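Student: Here is what each chain is made of, one letter per residue.
There are 2 protein chains.
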Amino acid sequence: MTATVTSQTARATPPVGSVFDESCSARHALELISGKWAMLIISALWQSPMRNADLLRKIGGISQKVLTETLRDLARNGLVIRDDFRAKPLHVEYRLSPLGASLSNALIVLDHWAERNFPELDAARERYDQAHATADEQ
Amino acid sequence: MTATVTSQTARATPPVGSVFDESCSARHALELISGKWAMLIISALWQSPMRNADLLRKIGGISQKVLTETLRDLARNGLVIRDDFRAKPLHVEYRLSPLGASLSNALIVLDHWAERNFPELDAARERYDQAHATADEQ
Numbered sequence: 025m026t027a028t029v030t031s032q033t034a035r036a037t038p039p040v041g042s043v044f045d046e047s048c049s050a051r052h053a054l055e056l057i058s059g060k061w062a063m064l065i066i067s068a069l070w071q072s073p074m075r076n077a078d079l080l081r082k083i084g085g086i087s088q089k090v091l092t093e094t095l096r097d098l099a100r101n102g103l104v105i106r107d108d109f110r111a112k113p114l115h116v117e118y119r120l121s122p123l124g125a126s127l128s129n130a131l132i133v134l135d136h137w138a139e140r141n142f143p144e145l146d147a148a149r150e151r152y153d154q155a156h157a158t159a160d161e162q
Numbered sequence: 025m026t027a028t029v030t031s032q033t034a035r036a037t038p039p040v041g042s043v044f045d046e047s048c049s050a051r052h053a054l055e056l057i058s059g060k061w062a063m064l065i066i067s068a069l070w071q072s073p074m075r076n077a078d079l080l081r082k083i084g085g086i087s088q089k090v091l092t093e094t095l096r097d098l099a100r101n102g103l104v105i106r107d108d109f110r111a112k113p114l115h116v117e118y119r120l121s122p123l124g125a126s127l128s129n130a131l132i133v134l135d136h137w138a139e140r141n142f143p144e145l146d147a148a149r150e151r152y153d154q155a156h157a158t159a160d161e162q
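Those sequence lines, one after another, are chains Z and V. The opening position of the first sequence corresponds to residue 25 in our numbering, with each subsequent residue numbered one higher. The opening position of the second sequence corresponds to residue 25 in our numbering, with each subsequent residue numbered one higher.
It should be emphasised that the hints constitute simulated quantities derived from the structure, not laboratory data. Take these hints with a grain of salt, some might be off.
Any copy will do: because identical chains look the same in the list, a pair fits if it lies in one copy or spans two.
In silico DSSO-like links for lysine-lysine, alpha-carbon gap of 30 Å or less [stated by the list, open to error]: (1) Lys82 <-> Lys60; (2) Lys60 <-> Lys112; (3) Lys60 <-> Lys89; (4) Lys89 <-> Lys112.
Fair warning: this is a prediction, and the values are worked out from it, not measured in the lab.
Required output: the full structure, derived from the provided sequences and hints.
Tutor: What follows is the structure, encoded as structure tokens:
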């Protein structure tokens with residue numbers, strides 16, 4: 025066994041990053057995909073392409089500004105593709121790239137976790153706040 | 025088939041939320057777990073309990089203030105348990121609750137996605153920036 029890595033093996037081995045290392049690009053990738061708006065947009069596009077107005081309607085609370093900026097950021101990182109059909113009136117659709125689609129599978133799991141478990145989180149918060157209110161009174 | 029929901033069936037059916045609805049607690053749950061620091065702390069605790077100093081060392085770039093606040097928030101929501109061993113010197117450990125452990129399984133998938141795919145995101149960003157720089161020159 026040797027710890028020496030030749031440039032040959034370095035090329036052959038896929039790069040492995042660490043999200044715990046703040047100087048690693050893997051951390052930047054996690055930061056991009058861990059924003060709630062990025063998550064919700066990618067999840068919304070999971071089933072089919074959508075137009076701007078559809079996304080604005082589907083994702084409660086998102087502003088046009090944030091939607092535009094997040095879509096641009098996702099397109100820049102190769103996760104979302106913007107299809108301009110060069111039609112009049114303007115017809116633009118957003119869809120997931122294969123890379124975005126692979127990410128959406130992981131995000132859907134997280135969405136479902138939140139949708140299934142939020143009552144437990146709500147209950148825990150209530151217990152915690154009651155316990156701490158009691159502690160404060162003593 | 026009827027759409028009427030009696031309080032009887034409402035109690036029997038597990039609540040289902042939507043992360044797309046900003047007034048739903050499921051969205052609040054997603055907001056809590058989609059912060060990058062919350063994600064990294066839960067992922068870090070995946071394998072074993074950790075002390076404050078261990079977490080500070082493991083998670084590059086986190087400040088003591090953010091670590092303290094995020095741990096408190098995760099404890100308040102029932103995802104992390106703070107064990108105070110009442111020892112001198114002070115010995116406190118943080119570990120995942122069963123709820124936190126179930127979440128960590130979903131988060132690890134996302135961490136691994138970022139660690140595997142960041143080179144593709146980096147390459148996409150480079151292509152996008154080059155294409156847009158060229159477009160700007162024209």
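Student: Now tell me if each hint is right for this structure.
Tutor: Status of the hints after comparison with the structure:
no. : hint             : result
1   : Lys82 <-> Lys60  : both (14 Å within a copy, 24 Å between copies)
2   : Lys60 <-> Lys112 : neither (33 Å within a copy, 41 Å between copies)
3   : Lys60 <-> Lys89  : both (15 Å within a copy, 22 Å between copies)
4   : Lys89 <-> Lys112 : within (23 Å within a copy, 53 Å between copies)
Hint compliance for this structure: hint 2 alone is broken.
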